[in-house]
Amino acid sequence: MSPDLFFQYLFAGITYGSIYAVVAIGFNIIYNATGIINFAQGEFVMLGGMISISLLHFMPLPLAIASAVALTMLIGAAIEILFIRWLQSPSVMRMIIITIGISILLKEVALHIWGESIRSLPYFYGNEITTFSIGSVHISPQVVWVILASAVMVAGLNLFFKSTPIGREMRACSANRTAALLCGINARNMVTLSFMLSAGIGALAGCVMSPITYTQYDSGSALALKGFTVAILGGLGNSGAAVLAGILLGIIEAFSVSVVPLAFQDAISIAILLVILFVKPHGLFGSGDAARLKDF
Amino acid sequence: MSPKTSPANETMLELSGVHKRFGGLHAVNDVSFKVPTGSIKALIGPNGAGKTTLFNLIAGNLPVSEGSIHFCGQSIEGQKTYEIARMGMARTFQNIKLFHGMSALECVMVGRHSRSRSGFFAGMLSLPTTWKEEKAIRARSMELLDLLGIADLADTEATSLAFGQQRAVEMARALALEPKLILLDEPAAGLNIYETAEVARLISAIRDMGITVLLVEHDMSLVMDISDEIVVLSFGSKLAEDTPANIQQNEEVIKIYLGEDETV
Amino acid sequence: MLKIRNLDAGYGKLRVLKNISLHVDPGEIVTMIGANGAGKTTLLHTIIGLIKPTKGEINFLDTPCCRSSVGQIVASGCALVPENRQVFASMSVEENLLLGGHVLQKREGRAAVHKELAHQYELFPILRERRNQFAGTLSGGEQQMLAMGRALMSKPRLVMMDEPSTGLAPLIVRDIFQIILRLREEGNTVLLIEQNAKAALGIADRGYVLEVGKVIVQGPSDILLANTDVQRAYLGREKVTE
Amino acid sequence: MKTRNYLPLIGLGVLMVALHLLTVWTGTQYYLTQLTMSAYYGLVIIGLGVLMGYAGQISIGHAGFFAIGGYLAAALTTRNLEPFAQNWWVQLLDKAGVIVHGQDIYGLSQMTFTPWLACIVAVTTAGLVALVIGIPVLKLKGHYLAMATLGFGTIVYRIFLAMPYFGESDGITEVPGFDMLPFLTISGDMSHRVLNFYASWTLLIVGMLFLINLIGSRVGRALRSLHSSEEAAEASGINAGRFKLKVFVLSAIYAAVAGVLLTHYNGGIGPSEASMAKSVRYVALVAVGGMLNLWGTLIMGVGLTFLSLRGVFGSFDDAVFGTILILVMLFSPEGILGLKLRPLLRQLIIGGRA
Amino acid sequence: APAWAGTVKVGAIFAVTGPASFLGGPEARSAQMIVDEINKAGGINGDTIELIVKDTAGHSEKAVSFAKQLIEEDKVVAIIGPSTSGESMAVKKIAEAGKTTLISCAAAEVIVNPVAKHVFKTPQKDSFAAQMIFEEMQRLGITTIAITAGNDGFGKAGKAQLEKMAPTYGVKVAISETYDSKATDLSALVAKLKSDVSIQAVINWSVVPAQAIIAKNMRQVGWEVPLFQSHGFGNIKYAQAAGVAAEGIIFPCGRLLVVDQLEESNPQKARLVQYKSDYETKYKEDASAFGGYAYDAMNMVVEAIKKGGNDRAKVRDAVEGLENFAGVGGMFSFSPADHNGLTIDSFAMMTVKDGAFILYQGK
Ligand SMILES: Nc1ncnc2c1ncn2[C@@H]1O[C@H](COP(=O)(O)OP(=O)(O)OP(=O)(O)O)[C@@H](O)[C@H]1O
Ligand SMILES: Nc1ncnc2c1ncn2[C@@H]1O[C@H](COP(=O)(O)OP(=O)(O)OP(=O)(O)O)[C@@H](O)[C@H]1O
Ligand SMILES: [Mg+2]
Ligand SMILES: [Mg+2]
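Chains as they are written, first to last, in the working numbering: chain V, 476 to 771; chain F, 11 to 274; chain G, 3 to 244; chain C, 6 to 359; chain E, 14 to 376.
Incorrect hints may have been included.
[Unchecked claim] No farther apart than 25 Å at their CA atoms in a straight line, the calculated lysine-lysine pairs in the PhoX-like style are these:
no. : chain 1 : residue 1 : chain 2 : residue 2
1   : F       : 265       : G       : 200
2   : C       : 100       : F       : 90
3   : V       : 755       : C       : 146
4   : V       : 755       : C       : 144
5   : E       : 250       : E       : 295
6   : E       : 289       : E       : 177
7   : C       : 146       : F       : 90
Simulated from the structure, these hints should not be mistaken for laboratory data. All figures in this text were calculated on a predicted structure; none of them were measured in a lab.
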């Protein structure tokens, strides 16, 4: 393999990976606050893209993105308040299934609002074919935006969960809800907040990747599957690990193109995930100890 | 009932040079002792001394870092928890572990698992043998609940029982296994003085049924009254092994565990 | 400080507490004893707001709190050391304590929390040693101490303890009772549930005896200690085996 | 006690006959087609129901097993062996009588395996795959298990979608009928409709009988116990891993059998049968029916599938389904049969405030 | 009035939702539009038409179920759809057994080859599209190519056709790859193709956003070989989505896209103009070739009902007898041996210039 090709694969992998990672981060937030995986996370990504595209008719790009993020956060909060807040001690399985239901519903609503056509935001910088080159390798500036966004998110979230009281409180709610209540923490508000946060992050992800991947009413599920894969691969709850895992998976996928037919690409990457899970049942960077101590 | 056990020199359980490390923490440090068949042996020591860890090692829930454990003369190394259980070792848990959504009776019936045989296909086809067996399991489990004085709660959901009642169900489940050795982790925790006395009576009765008992407990009145021998652990190491009377006099044990005036 | 009148509570159809009335005055240690399943835990859960009463009223610091959320009740200065410890298993010991300081931080700010943290480490030195370990891997006794420390982190006016000596070594049990006494000296009020009735009554000012959801006897500790019924039911000090 | 246990099963049998008579009486026999299809899906769903509800193992990849059954049956009974006709193994199989000679759609002669052989191979393969994949997968817990099964399902889907042998995105059509018994051919042909209806429902009833027996037995109790606390179950001598694996394989076989038969009935199979959406739907149907309520699972599984196959919800099929799912989970997490109106109202009134 | 006066039922099986909704959605709308207009105008010979649309979401087992239901229960006179090849193949036999006309809107040629008595299809043959592309390649002197295709029915059929026909035109297929139709980025694939310096052109066959993505990815790495697309590119949305990267893409397509550039004498012109303006006024979105497939199918059924009334056999014969029928996809002339009825003329070569489709005039 020529060095040129090698680097081109590498950067293709980084592109994929950063897209996966930016979705995966959203999963981790709700997981950290409630211990559940929100299967509707992909739909937040889709909503972010769709809303910002619609808003772009009325306002400049940065404002459209900001409003889309804010709106999606409201939707996230509304979903939590409508469907989850008033449940009495719901089991993990029940929550998973409710979020599956929400995912189906959001998709259907989007279909009936926006139809089945594909849309996208314009490139933030330049246009579809603008690239800058490192040596002979070409990279679209939008990829840099995606990477930048995930880096900022990871750093921000790490700081948030590890070092701020409110982040700690969120984790407490997932670790033991009763105990969190006894500490005077308003567990319900924490969950609402986590939904808002992950909806916002999902929406932002949806905006930055929309120029690359396009947005369609059902683009959420495919992204969610990849995001979920990556979140698990890294070890649930750890956003930094998710980014590493995402980029790793992206690179594996990119290089796999050179050896196996592209049609098997997904099968390959998921098979790799399974093998890793069998060897490290809590993901690459997950701690078995911590996972064992959770209730499920 | 007189103990129908074999001579005391026979060993039910033997630990030799057992170590357990968690990362940097040496939770169990070179512990050796024997539990003679038909005896009640107590394991005491300050909090965090490694008692529960030791139980987990014996029952196969954790792998030993170093050393060996023999049960009925057989090494348990590499044996799975359920295999050890089938060899005849039952246990209760310090943090009660009952089955959600099951009645107290059903929880105990689960305990009969390894003493019954009907398998997957027999169950699917519901062969007559399975009915008979099922009936026997039910009857035996009821007896055990009765023995523990909670027969009236048989149909109550186990996890909604009060703390003390849950302990009783756990004990019944362990007994249902018809064990040779039973490991009890703080059976009297959360019980008042009368209930504790009841437990003491029960443990003696268990021994009289021919079951060897290894016990962790902080209630000294219970431990001193019923155990034949006591092992004291401290910071993972064995500090002393002796009869109750001698342990109560042991300076060091008093200093780190019993406290000055706790001699009954 | 705490006044309860004609309280009824339970789980679904099951009525566990029947017409309970009691009060706790500032600076007191009040103990509650009763057999397994009498409803002691249920009572504490009702006070702290985890269970909503079906009848009756609860006043804490002269404000009714039947309708308040757990968060509000805790913020107003009531803390519970729960029965089965309920530590945040997948978080470190120190994080557990800091979380206990949640309402304190809101009330008095960060500095107060750190001061209180140091105070708890002083009360329970073992916790300082284990500060970075996952709470779930602590031994049973260590977890009990952590639960107490966490509850105390909020500098509560009233501490309710549900069988704090359960599973603790005799030496530590004594320490715990010392700590409870010390809490009173520091001006705290304590509502204590204990199986070890004798010890509990020994340090308490007053006591209540609960039986199948009803208060059957109450009064100053020394009187309860002398009460023959109580003696027979809870204090029997004779040999535990025949 | 025994008879009471089986009463609903007898009821199901009576329902089967009643449904048939009703369609005859009202002249609406065409309903039998979709009732037959629903029964096969019902079989998948009750198998999954035992795995999820009783053994507590979620599987978001069950469509994969259905598809392994269906696709193998389809491929083996349609793919031409003529190019290999000279190979010793083909000749051997031909002598053994497991190869049929026929014509393809262009009228050329072709050789294929008999449906019986295909069926056995397909179901065995699904069982073996479940066994091999189950050993590592079932060691995982919670979301990791969900991911692993989801991943398994995705791999199966991808493979069927990528391999020309399995028809890629078009799937396999022109699958012949399956002469299962001298009087019974599994096929969508109108002339076989009534018998096929009875065959599918009988299979469903027998499948249900087995599962009810199983969960009422010692094994069923063991399953429920390890669902709740594996540690305590193992301490009682229960080999948790082995039981989980057995149930996993059993439910895979249920799915594969349904896949084989439905494929013959429909005359083909497409990749949508292996898709993640399908797996998710199976899981959701189990949940809607009630995790620990096999009868609820059966009723919801067959009922909702029937409605969906009739297209009564139009392009809102998914939306309606999502709504039902959310409503059931909100108001009756025990499944639709656990729905009691009074507590529901109370929860609505108090729950909203609390 | 004849015995069948009243309503005539027509069935429609489309993937209105699900992964193939970009086909099924416009198809269902186009067919419904015709029915609404006819009914508003008083129906056919006084009969109203009832269109029963069934949404399969792309699941072939549902298509099977619906086909049986429509034929037996609803007693429709004909069925239009399904949208995808897999579904169409799955219901082909059912239509035959039920002796009901089925006009498929899916691409694959096997649907009408071998010819089944009752099964027709409206989309142009892949082989014509491939033929046009290869002829253009011959003109450009291209001898080595790469083929990429989506993993849906459209991509599968097209890829098979291309691989089969390439040798006839002296073209060597260096690399042939199938990608996931939900792919979000194809730069790794492009890198692989580009590394093979012998490749002189790329043919991409898909109907999904991926065809815009591949165009973008090729231009981003500065790879300037000609990119040919299939008639699936016939939707201005994709050209817009690819933005400047779409410039210069060459593809064969029906004339709907360039209706403004057609001469008045073109026999299709009236039909195309009508479809485009009706659809765009009614649904406020761009008309596409996909909707055109169903539009043609529905119009054929209408035409046949005019002749055959509510009689399945007569309707079938009437469809087979259609000749020089001006459709969106081309001029249809069915015969017992040809149930697609189109010639290569149905296609025109087009390209993208300044974000719009124009007729391709060669280099
Ligand atoms: N998985 C683990 N990882 C790290 N440390 C552990 C783990 N399990 C136990 N420990 C530590 O090992 C020591 C012994 O714990 P163990 O539970 O055996 O104590 P114990 O003697 O049962 O105490 P108690 O009487 O309080 O229950 C404790 O300090 C505990 O923190
Ligand atoms: N979650 C629950 N659901 C239903 N019933 C419950 C629940 N929790 C407790 N109970 C029942 O309420 C009664 C009182 O229980 P509670 O836990 O208050 O007793 P307690 O006095 O604390 O006992 P212990 O000393 O054993 O802790 C018991 O009979 C118990 O079975
Ligand atoms: Mg312990
Ligand atoms: Mg209690």
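Against the structure, the hints:
1. 265/F with 200/G: holds, 23 Å
2. 100/C with 90/F: violated, 49 Å
3. 755/V with 146/C: holds, 12 Å
4. 755/V with 144/C: Holds - the C-alpha atoms of residue 144/C and residue 755/V are around 11 Å apart, at most 25 Å.
5. 250/E with 295/E: holds, 18 Å
6. 289/E with 177/E: violated, 35 Å
7. 146/C with 90/F: holds, 19 Å
In the structure shown, a violation is registered for the earlier hints numbered 2 and 6, in ascending order.
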